[in-house]
Amino acid sequence: MPSLRLSRFCRPEVLASIRPELLRCFLEPYQSYFEGRGFDLECLREHSGVETRRHLSGILMAPTPEVPPMLVDALYCIHEVAVDVNTDQLERTVESEGVTLATNPSLLEIALSLWIAAPEALKGIHRRGLTTRRRSYVYFSAEYSAEGAFSLNNERVRQLENCLALYFKRKNRGDGCKVYHYSDEHEHSFLISHGELYRREAVWEEGRPGIIAFRPKKYDAVVYNSFTEELGINAPTETLREHYRRQFGFYLFGRENHFPSRSKYTLEPLLRDREASLFTGDVPEIQWARLSELSYAIEDSTPEVRTHKASDVFIALERHRHDVPRRIRPVKATFRLTFVEQSKSRTLTIKPTNIALYSRGEDSPVIEDWLHRRGFIVRSKVTGHEQCEHLLDID
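Residue numbering for the sequence shown follows our numbering, beginning at 174 and increasing consecutively.
What the hints contain is simulated information worked out from the structure, not anything from laboratory work.
Note that beta-carbon positions come from the ideal geometry of N, C-alpha and C, so glycine has one too.
Among the hints, erroneous ones may be present.
Quick list of in silico lysine-lysine cross-link-like pairs, DSS-like style, CA-CA up to 27 Å [stated by the list, open to error]: (1) Lys390 - Lys344; (2) Lys390 - Lys517; (3) Lys390 - Lys342; (4) Lys517 - Lys391.
Here are the computed distance ranges between Cβ atoms for each label pair [stated by the list, open to error]: (5) Ile528 - Gly454: 23 to 29 Å; (6) Ile488 - His359: 25 to 31 Å; (7) Arg329 - Ala235: 28 to 34 Å.
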């Protein structure tokens, strides 16, 4: 069995930072597994030494085939959830679940305590985090204002779930699926858990080769923003994104084509406004923006796609202006954005008509605000892809 790759949680110094009685309580349901690996949980006392933690770390980092699946789930879930961005959510959930904490607990200890007392609550935080961490969404805007038309309750979610389950079964993805729904003031997030195509892999177990067969679990994400009236979809294939677009339109608003396949993003401001399209003075969270890559199609008798890459593409274009044809159609742009009080810049890639890729998904609200102010987000409702498919000039 491969290692769990939970380097942060399983390091000896991190294990040493957890109160021994809390760590022992967390591991006690799997006591027989640790005894089989030669580790006595009673060794986890207030003054247990470095060798004890190192021994435990080695067991966690190199599990055997007998490792309890629930232990693997617990380690993975806690490893993913116990990060600073989840602090408020963890504290709110601890309070709502009535979990008693020790004095001055660390973030990792809060996550451990929540798992011990209410594991499903911690799993819920983890699932919700999967939707916010997604970095690549394809967006669809509503054709008409839907004020008052939005309809969603538990029964509606179950109907949507059953419909998607039939689709996955027809596509040989196994029986059933699960839709998890989370809502904020203007945003409804849906995490869809389902099976993938069956997989068979060669393994080496107990000194001889073998084959394991299994169906992997997959998560997709769909987000509806009632303020912008947009549906964002994170799914691996165009066919699946199209299915989600139609089904969520129907089950949320009663119309399969409530979110038509039309454009959200345009790169016209880069060619129309040049450097001015990168202005950040009206978005206080962003210090500066640079265009680091621009790809464009030349549509003449011999069509081709060219790409410019530089620390600042506008400076490079100015230097080699005579090499750039006048009539081009931009197909991709990559920006480097530096946030205030952040030394490392973030990457943003726009691919008309509907694709935006962020280096960090939690930056989405600020980046969307900047894109809207600079005109990279199509403002008017149009038919088809008119806003992004026409030819643009470099002057």
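Regarding the pair Lys390 and Lys517, is the alpha-carbon distance no greater than 27 Å?
-> Distance of about 34 Å is beyond 27 Å: violated.
If you draw a straight line from the CA of Lys390 to the CA of Lys344, is it 27 Å or shorter?
-> Holds, because 15 Å separates the two Cα atoms, which is no more than 27 Å.
Taking 27 Å as the top limit, are the C-alpha atoms of Lys390 and Lys342 close enough?
-> 14 Å, holds
Is 25 to 31 Å a correct range for the gap between the Cβ atoms of Ile488 and His359?
-> 39 Å, violated
Does the Cβ pair Arg329, Ala235 satisfy 28 to 34 Å?
-> At roughly 46 Å between Cβ atoms, Ala235 and Arg329 fall outside 28 to 34 Å, so the hint is violated.
Ile528 versus Gly454 beta-carbon gap, inside 23 to 29 Å or not | Since Ile528 and Gly454 have Cβ atoms about 27 Å apart, the given range 23 to 29 Å holds.
For the pair supplied as a hint, Lys517 and Lys391, confirm whether the alpha-carbon distance does not exceed 27 Å.
-> 32 Å, violated
Going down the numbered hints, you'll see the structure goes against 2, 4, 6 and 7, while the others check out.
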